[in-house]
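For the record, in the sequence shown the residue sitting at position 117 is 117 according to the working numbering, with numbers rising by one throughout.
Treat the hints with care, since some could be wrong.
If you anchor each label on the Cβ, the simulated ranges turn out as follows [said to hold, decoys possible]:
#, residue 1, residue 2, range
1, Q115, E18, 18 to 26 Å
2, D106, V50, 28 to 36 Å
3, R58, K133, 21 to 29 Å
4, V94, R55, 14 to 22 Å
5, V50, C120, 33 to 41 Å
6, C96, G17, 41 to 49 Å
7, D91, P124, 31 to 39 Å
8, K52, R98, 28 to 36 Å
In short, the hints are calculated from the structure, not lab data. Because the structure is a prediction, the values reported are computed rather than measured. Ideal placement from N, C-alpha and C gives every residue a C-beta, glycine not left out.
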Amino acid sequence: MKTNTTRGEAVTIYRIGEFGMGVNKAEGWLLDHGRRPYAQYEAAPWVKWVPKGKRNPRGWQGGYRPYCVVLRGHGLALDPGSSFDPCPSGDVDVECSRSRYCSFDDRWATDFDAQLAAYCARHPDAIVADYRK
Numbered sequence: 001m002k003t004n005t006t007r008g009e010a011v012t013i014y015r016i017g018e019f020g021m022g023v024n025k026a027e028g029w030l031l032d033h034g035r036r037p038y039a040q041y042e043a044a045p046w047v048k049w050v051p052k053g054k055r056n057p058r059g060w061q062g063g064y065r066p067y068c069v070v071l072r073g074h075g076l077a078l079d080p081g082s083s084f085d086p087c088p089s090g091d092v093d094v095e096c097s098r099s100r101y102c103s104f105d106d107r108w109a110t111d112f113d114a115q116l117a118a119y120c121a122r123h124p125d126a127i128v129a130d131y132r133k
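Required output: the full structure, derived from the provided sequences and hints.
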């Protein structure tokens, strides 16, 4: 899935986090993206970018049930929020937190998909690449 993108275009990348926890946001400059063979997948999605404030490129490779969306621009008003919520503690010297959902729960993606749909309704040309499942 190639679109009309410019090498070095400012983008914001949203992808499922490590261990399937939450949606992570990364801003940077797009180098390339597409699909290619990876392990047992014939057309696995991948994205390569240089994060803001860095020199070295980073990459993401999708596998089983990939989830990654690349949007144009930096500083977007689309925030996936934290993966963890505070929880009450009986001790004033103790802080604790808990995850909103379990690892690899589909609700991480569906919660963010609702925000993304509303954002894309206002900005129809925002999506550079959409690699969701």
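Each hint tested on the structure:
1. Q115 / E18: 18 to 26 Å: Once the Cβ atoms are compared, 21 Å apart, the range 18 to 26 Å for E18 and Q115 holds.
2. D106 / V50: 28 to 36 Å: 31 Å, holds
3. R58 / K133: 21 to 29 Å: Given range 21 to 29 Å: holds, Cβ gap about 22 Å.
4. V94 / R55: 14 to 22 Å: Violated - the Cβ-Cβ distance for V94 and R55, about 40 Å, lies outside 14 to 22 Å.
5. V50 / C120: 33 to 41 Å: Distance hint for V50, C120 is violated at roughly 25 Å.
6. C96 / G17: 41 to 49 Å: Check failed, 20 Å falls outside 41 to 49 Å.
7. D91 / P124: 31 to 39 Å: 50 Å Cβ-Cβ, so the 31 to 39 Å window is violated.
8. K52 / R98: 28 to 36 Å: Holds: the Cβ-Cβ distance is about 30 Å, inside 28 to 36 Å.
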